[in-house]
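Asker: Sequence:
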Amino acid sequence: MKLTSKELIKSVTKSWEGKRDKNYRPLVSKDILKRMKLVTTEEAWGTCRKNGYHFQFAGDWNNLHPERVIVGRAVTCRWVPKRPDLNDAIESQGEIEKRIGFQNSWVIDELKEDDLIVVDLFGKIFDGTFAGDNLTTAIK
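Here the sequence shown is numbered in our numbering, starting from 1 and rising by one per residue.
Treat the hints with caution; some may be incorrect.
[Unchecked claim] 20 Å max Cα-Cα, derived SDA-like pairs, lysine to any residue:
#1 K112 to R99
#2 K124 to V107
#3 K124 to P84
Rather than coming from a laboratory, the hints here were simulated on the basis of the structure.
Kindly produce the complete structure, drawing on both the sequences and the hints.
Answerer: Given below as structure tokens:
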């Protein structure tokens with residue numbers, strides 16, 4: 001088990017023909033990201049539908065800065081209720097990969113300029129933050 005599998009990322013992004021980062025994530029150019037800020041929601045949906053991407057919607061987002069247009073390369077992660085067996089396996093792999101800090105910081109360590117972190121907290125509400133002030137400040 002690898003926490004960031006180059007082979008898996010490459011296999012699920014086979015159609016990408018552009019540059020990739022060290023983990024084989026597709027690197028959408030800064031120019032395209034800049035131009036995407038001008039695209040309307042309807043234009044984006046039309047392009048998605050035309051290319052077979054149906055049902056690609058997540059709602060109920062909390063927009064903390066409605067004056068900003070948010071565009072970037074998504075880095076996704078999912079948190080599940082803690083199970084000792086799964087947690088121990090992930091922590092062991094983290095040691096092998098020489099990761100530091102808690103598991104939430106490992107995702108932040110993967111980020112680079114123009115990335116957006118998308119976190120599924122599995123509906124967690126009690127103590128339901130992904131990152132506090134220090135880790136949030138580390139996200140640039």
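Asker: It remains to establish, for every hint, whether it holds in the given structure.
Answerer: So, going through the hints one by one against the coordinates:
At roughly 17 Å between alpha-carbon atoms, K112 and R99 fall within 20 Å of each other, so this suggested pair holds. As the CA atoms of K124 and V107 are separated by approximately 18 Å, the hinted pair is consistent with the 20 Å bound. Proximity of K124 to P84 is assessed by CA-CA distance (about 18 Å); at most 20 Å being required, the pair is judged to hold.
In summary, this structure violates none of the numbered hints.
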